[in-house]
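S.K.: Sequence:
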Amino acid sequence: MAKQIRIQYELGEKDWRNFYNAYYSTDSRFKLRFLYGTLCWVVGTLGLIGLFDNKPIAFGMIAFGLYCVFAKQFMINKAIKTLKKTPGFPGVIDYQFDEKQISGTDRGTSFSFSWEEFHGYRVVTPGVMFYLKPASFFFIPDAAMKAEERQGILEILQSRQVNDLKIKAARKS
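For the sequence shown, my numbering gives the first residue as 1, with consecutive numbering after it.
Hints may be right or wrong, so weigh each one.
As the list claims (entries may be wrong) - Simulated pairs of lysine-lysine, DSS-like, Cα-Cα distance not exceeding 25 Å:
| hint | residue 1 | residue 2 |
| --- | --- | --- |
| 1 | Lys146 | Lys14 |
| 2 | Lys3 | Lys14 |
| 3 | Lys166 | Lys72 |
| 4 | Lys146 | Lys78 |
Derived by calculation from the structure, the hints in this document are not laboratory data.
From just these sequences and the hints, can you work out the full model?
M.R.: Following this line, the structure appears as C-alpha coordinates:
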(Lines of atoms letter the chains of each structure in order from A and count residues from 1; the text may use other names and numbers.)
(Lines give C-alpha, C1' and ligand atoms only; values in the text may rest on other atoms or scores of the structure.)
Protein backbone atom coordinates (compact mmCIF):
# COMPACT_ATOMS: atom_id res chain seq x y z
CA MET A 1 0.00 0.00 0.00
CA ALA A 2 1.25 3.47 -0.88
CA LYS A 3 2.28 5.70 2.00
CA GLN A 4 0.22 8.89 2.34
CA ILE A 5 1.04 11.79 4.61
CA ARG A 6 -1.28 14.73 5.15
CA ILE A 7 -0.15 17.97 6.76
CA GLN A 8 -2.34 20.99 7.40
CA TYR A 9 -1.19 24.20 9.05
CA GLU A 10 -1.44 27.97 8.98
CA LEU A 11 1.48 29.96 7.66
CA GLY A 12 2.18 33.29 9.28
CA GLU A 13 4.61 36.09 8.58
CA LYS A 14 7.17 34.68 11.03
CA ASP A 15 7.28 31.36 9.11
CA TRP A 16 7.79 33.16 5.82
CA ARG A 17 10.56 35.33 7.29
CA ASN A 18 12.37 32.27 8.67
CA PHE A 19 12.22 30.44 5.36
CA TYR A 20 13.20 33.45 3.24
CA ASN A 21 16.15 33.92 5.58
CA ALA A 22 17.10 30.25 5.08
CA TYR A 23 16.62 30.61 1.30
CA TYR A 24 18.84 33.69 1.00
CA SER A 25 21.41 32.21 3.41
CA THR A 26 22.13 29.45 0.89
CA ASP A 27 23.00 32.01 -1.80
CA SER A 28 26.77 32.59 -1.93
CA ARG A 29 26.25 35.97 -3.63
CA PHE A 30 24.89 37.38 -0.37
CA LYS A 31 27.95 36.15 1.51
CA LEU A 32 30.25 37.87 -1.00
CA ARG A 33 28.08 40.97 -0.95
CA PHE A 34 28.40 41.07 2.83
CA LEU A 35 32.21 40.86 2.61
CA TYR A 36 32.44 43.53 -0.10
CA GLY A 37 30.01 45.72 1.82
CA THR A 38 32.05 45.44 4.98
CA LEU A 39 35.20 46.34 3.06
CA CYS A 40 33.49 49.37 1.44
CA TRP A 41 32.13 50.49 4.79
CA VAL A 42 35.57 50.28 6.43
CA VAL A 43 37.33 52.10 3.56
CA GLY A 44 34.62 54.78 3.54
CA THR A 45 34.99 55.27 7.28
CA LEU A 46 38.76 55.53 6.92
CA GLY A 47 38.15 58.12 4.18
CA LEU A 48 36.06 60.21 6.55
CA ILE A 49 38.78 60.22 9.19
CA GLY A 50 41.42 61.38 6.72
CA LEU A 51 42.68 58.52 4.53
CA PHE A 52 41.60 60.47 1.44
CA ASP A 53 40.26 63.98 0.95
CA ASN A 54 37.07 63.37 -1.02
CA LYS A 55 34.27 63.23 1.60
CA PRO A 56 31.40 62.61 -0.88
CA ILE A 57 33.15 59.45 -2.12
CA ALA A 58 33.71 58.35 1.48
CA PHE A 59 29.99 58.82 2.24
CA GLY A 60 29.12 56.98 -0.98
CA MET A 61 31.31 54.05 0.00
CA ILE A 62 29.74 53.92 3.46
CA ALA A 63 26.22 54.01 1.96
CA PHE A 64 27.06 51.32 -0.60
CA GLY A 65 28.74 49.21 2.07
CA LEU A 66 25.72 49.42 4.37
CA TYR A 67 23.41 48.50 1.49
CA CYS A 68 25.53 45.43 0.72
CA VAL A 69 25.71 44.38 4.37
CA PHE A 70 21.94 44.64 4.80
CA ALA A 71 20.96 43.40 1.30
CA LYS A 72 19.64 40.05 2.55
CA GLN A 73 17.34 41.79 5.04
CA PHE A 74 16.15 44.19 2.32
CA MET A 75 15.27 41.23 0.07
CA ILE A 76 13.42 39.44 2.87
CA ASN A 77 11.41 42.57 3.70
CA LYS A 78 10.59 43.12 0.02
CA ALA A 79 9.40 39.51 -0.37
CA ILE A 80 7.24 39.73 2.77
CA LYS A 81 5.74 43.04 1.63
CA THR A 82 4.80 41.47 -1.72
CA LEU A 83 3.43 38.39 0.02
CA LYS A 84 1.21 40.47 2.31
CA LYS A 85 -0.51 41.93 -0.76
CA THR A 86 -1.70 38.48 -1.89
CA PRO A 87 -5.29 37.59 -1.07
CA GLY A 88 -5.74 35.19 1.81
CA PHE A 89 -2.49 35.97 3.61
CA PRO A 90 -1.92 34.41 6.09
CA GLY A 91 -3.70 31.26 5.11
CA VAL A 92 -4.17 27.61 5.84
CA ILE A 93 -2.16 25.22 3.69
CA ASP A 94 -3.05 21.57 3.25
CA TYR A 95 -0.49 19.16 1.73
CA GLN A 96 -0.86 15.51 0.85
CA PHE A 97 2.24 13.47 0.04
CA ASP A 98 2.28 10.07 -1.61
CA GLU A 99 4.60 8.05 -3.84
CA LYS A 100 3.29 9.69 -7.04
CA GLN A 101 2.91 13.35 -6.18
CA ILE A 102 2.38 16.14 -3.73
CA SER A 103 -1.02 17.77 -3.89
CA GLY A 104 -2.99 20.15 -1.77
CA THR A 105 -4.64 23.48 -1.29
CA ASP A 106 -2.87 26.77 -0.66
CA ARG A 107 -5.20 29.61 0.40
CA GLY A 108 -8.06 28.24 -1.69
CA THR A 109 -6.01 27.28 -4.76
CA SER A 110 -5.57 23.57 -5.50
CA PHE A 111 -2.29 22.26 -6.88
CA SER A 112 -0.62 18.98 -7.75
CA PHE A 113 3.00 18.26 -8.72
CA SER A 114 4.56 14.95 -9.63
CA TRP A 115 7.96 14.27 -8.06
CA GLU A 116 9.64 14.49 -11.48
CA GLU A 117 8.71 18.19 -11.66
CA PHE A 118 10.81 19.08 -8.63
CA HIS A 119 14.22 20.72 -8.87
CA GLY A 120 15.08 19.44 -5.40
CA TYR A 121 14.58 19.81 -1.68
CA ARG A 122 16.61 21.17 1.21
CA VAL A 123 16.35 20.41 4.92
CA VAL A 124 17.01 23.65 6.82
CA THR A 125 16.71 24.78 10.44
CA PRO A 126 13.09 25.98 10.19
CA GLY A 127 11.85 22.90 8.23
CA VAL A 128 11.89 21.41 4.72
CA MET A 129 12.02 23.50 1.53
CA PHE A 130 10.73 22.06 -1.76
CA TYR A 131 12.09 23.67 -4.94
CA LEU A 132 10.11 23.57 -8.19
CA LYS A 133 12.82 25.73 -9.83
CA PRO A 134 16.08 27.07 -8.43
CA ALA A 135 14.32 30.27 -7.29
CA SER A 136 10.79 28.95 -6.65
CA PHE A 137 10.07 27.08 -3.45
CA PHE A 138 7.46 26.23 -0.87
CA PHE A 139 8.05 24.86 2.58
CA ILE A 140 6.77 23.06 5.63
CA PRO A 141 7.89 24.27 9.06
CA ASP A 142 9.12 21.68 11.55
CA ALA A 143 6.42 22.84 13.97
CA ALA A 144 3.74 21.65 11.51
CA MET A 145 5.12 18.09 11.26
CA LYS A 146 5.53 15.24 13.67
CA ALA A 147 8.93 13.51 13.57
CA GLU A 148 7.49 10.43 11.81
CA GLU A 149 5.75 12.62 9.20
CA ARG A 150 8.99 14.44 8.46
CA GLN A 151 10.86 11.15 8.18
CA GLY A 152 8.13 9.75 5.91
CA ILE A 153 8.35 12.77 3.62
CA LEU A 154 12.14 12.48 3.43
CA GLU A 155 11.83 8.76 2.64
CA ILE A 156 9.40 9.53 -0.20
CA LEU A 157 11.76 12.20 -1.56
CA GLN A 158 14.71 9.81 -1.45
CA SER A 159 12.78 6.91 -2.99
CA ARG A 160 11.64 9.18 -5.85
CA GLN A 161 15.24 10.39 -6.27
CA VAL A 162 14.46 14.07 -5.78
CA ASN A 163 17.74 16.03 -5.54
CA ASP A 164 18.91 16.82 -2.01
CA LEU A 165 20.26 20.32 -2.67
CA LYS A 166 22.24 20.42 0.56
CA ILE A 167 24.24 17.37 -0.55
CA LYS A 168 24.57 18.82 -4.07
CA ALA A 169 25.94 22.10 -2.64
CA ALA A 170 28.40 20.20 -0.43
CA ARG A 171 29.73 18.30 -3.46
CA LYS A 172 30.43 21.57 -5.32
CA SER A 173 32.66 22.90 -2.54
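S.K.: With reference to the structure, classify each hint as holding or not holding.
M.R.: Structure-based check of each hint:
1. Our distance criterion of 25 Å between C-alpha atoms is met by Lys146 and Lys14, whose separation comes to about 20 Å.
2. Between Lys3 and Lys14 the alpha-carbon distance is near 31 Å, which puts this suggested pair outside the 25 Å criterion.
3. Taking the CA atoms of Lys166 and Lys72, the gap is near 20 Å; set against the 25 Å cutoff, the hint holds.
4. Of the supplied pair hints, the one linking Lys146 and Lys78 is violated, its CA atoms being roughly 31 Å apart against a limit of 25 Å.
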